[in-house]
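Visitor: Chain by chain, the residues run as shown.
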Amino acid sequence: DPKIIQKPKYLVAVTGSEKILICEQYLGHNAMYWYRQSAKKPLEFMFSYSYQKLMDNQTASSRFQPQSSKKNHLDLQITALKPDDSATYFCASSQRTGGSQDTQYFGPGTRLLVL
Amino acid sequence: GQGVEQPDNLMSVEGTFARVNCTYSTSGFNGLSWYQQREGHAPVFLSYVVLDGLKDSGHFSTFLSRSNGYSYLLLTELQIKDSASYLCAVRMPNYNVLYFGSGTKLTVEP
Chain Z
1 DPKIIQKPKY
11 LVAVTGSEKI
21 LICEQYLGHN
31 AMYWYRQSAK
41 KPLEFMFSYS
51 YQKLMDNQTA
61 SSRFQPQSSK
71 KNHLDLQITA
81 LKPDDSATYF
91 CASSQRTGGS
101 QDTQYFGPGT
111 RLLVL
Chain L
116 GQGVEQPDNL
126 MSVEGTFARV
136 NCTYSTSGFN
146 GLSWYQQREG
156 HAPVFLSYVV
166 LDGLKDSGHF
176 STFLSRSNGY
186 SYLLLTELQI
196 KDSASYLCAV
206 RMPNYNVLYF
216 GSGTKLTVEP
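Those protein sequences? They're chains Z and L, same order as listed.
Count the first sequence with my numbering and you get residues 1 to 115, in order.
Count the second sequence with my numbering and you get residues 116 to 225, in order.
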């Protein structure tokens, strides 16, 4: 059974619209993250959450807003979508954020295409 | 910015070995992780190193030199199925943030 679930797997949106990417983890982890992977670019860190609190945000745009309704959920709301937002968005989780051995495990990703 | 560099491509032959290099220049360092990523799939964790030297984990081994900002992933007894992209990522001290290289696409030929 998958331990990190991301929904939907594929998403097509029009410019200017708003979408929510869903992430749930069943690893019992306390920390969750969002990364973005655009074509031909490295995986890029976006947000880090620990116990449902924002720990680090390296996304310049306020159009990206994480939402954590439960400890094992970290959704990503994206507003005013632009074609440049097209990418695969990966959710990840780890036991904690502060330990040297806290491996991050990645979900399957949501592939977003903005037309 | 945070610099993590990897060669784009690497080719090797089945049954031999491949060494995937990674150099980094970052404002902090709390270890380095290696991931395997197949096209259209999520990165899969392979190894984490924080101490200098070689860490032998069988099919995958990793080396780290912190003074030189250098690591490599060594794959031995290559199989065709080892063809994939290999990503290195520097773990930062702040909140476990990972800075990834662009990945090395390894092609294993018969």
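Don't read these hints as lab results, they were simulated from the structure.
Hints are not guaranteed to be accurate.
[As the list claims (entries may be wrong)] Below, in silico cross-link-like pairs of lysine-lysine (DSS-like), each with a Cα-Cα straight-line distance of 27 Å or less:
#1 Z/K41 <-> Z/K70
#2 L/K196 <-> Z/K53
#3 L/K220 <-> Z/K41
#4 L/K170 <-> Z/K9
#5 Z/K3 <-> L/K196
#6 L/K220 <-> Z/K40
[What the hints assert, rightly or not] Rough simulated footprint, nothing fancy, chain L against chain Z, three-plus residues with beta-carbon under 8 Å:
#7 13–26
#8 31–43
#9 69–81
#10 103–112
[To be verified] Cβ-Cβ distance ranges computed for the label pairs, FRET-style:
#11 Z/Q52 <-> L/Q194: 36 to 44 Å
#12 Z/Q65 <-> L/P208: 35 to 43 Å
#13 Z/G16 <-> L/M126: 25 to 33 Å
#14 Z/K70 <-> L/M126: 27 to 35 Å
#15 Z/N57 <-> L/E224: 25 to 33 Å
#16 Z/P8 <-> L/E154: 13 to 21 Å
#17 Z/Q77 <-> L/N136: 17 to 25 Å
Backbone N, C-alpha and C fix where the C-beta goes; we use that ideal spot for every residue, glycine too.
Visitor: A separate judgement is required for each hint: does it hold in the structure or not?
Guide: Comparing the hints with the structure gives:
1. Z/K41 <-> Z/K70: Roughly 31 Å separates the two Cα atoms, so the pair is violated.
2. L/K196 <-> Z/K53: violated (40 Å)
3. L/K220 <-> Z/K41: Measuring from Cα to Cα gives roughly 13 Å; hence the hint holds.
4. L/K170 <-> Z/K9: Cα-Cα ~36 Å, so violated.
5. Z/K3 <-> L/K196: Status holds; Cα separation ~24 Å.
6. L/K220 <-> Z/K40: holds (12 Å)
7. 13–26: violated (count 0)
8. 31–43: Coverage by chain L holds for the segment 31–43 of chain Z (7 residues, Cβ < 8 Å).
9. 69–81: Check failed, 0 qualifying residues.
10. 103–112: holds (count 7)
11. Z/Q52 <-> L/Q194: 36 to 44 Å: Holds - the Cβ-Cβ distance for Z/Q52 and L/Q194, about 42 Å, lies within 36 to 44 Å.
12. Z/Q65 <-> L/P208: 35 to 43 Å: This hint is violated: roughly 26 Å between Cβ atoms.
13. Z/G16 <-> L/M126: 25 to 33 Å: violated (44 Å)
14. Z/K70 <-> L/M126: 27 to 35 Å: Between Z/K70 and L/M126, where Cβ atoms are some 46 Å apart, the hint is violated.
15. Z/N57 <-> L/E224: 25 to 33 Å: The hint (25 to 33 Å, Cβ to Cβ) is violated, given that Z/N57 and L/E224 are roughly 43 Å apart.
16. Z/P8 <-> L/E154: 13 to 21 Å: holds (19 Å)
17. Z/Q77 <-> L/N136: 17 to 25 Å: violated (38 Å)
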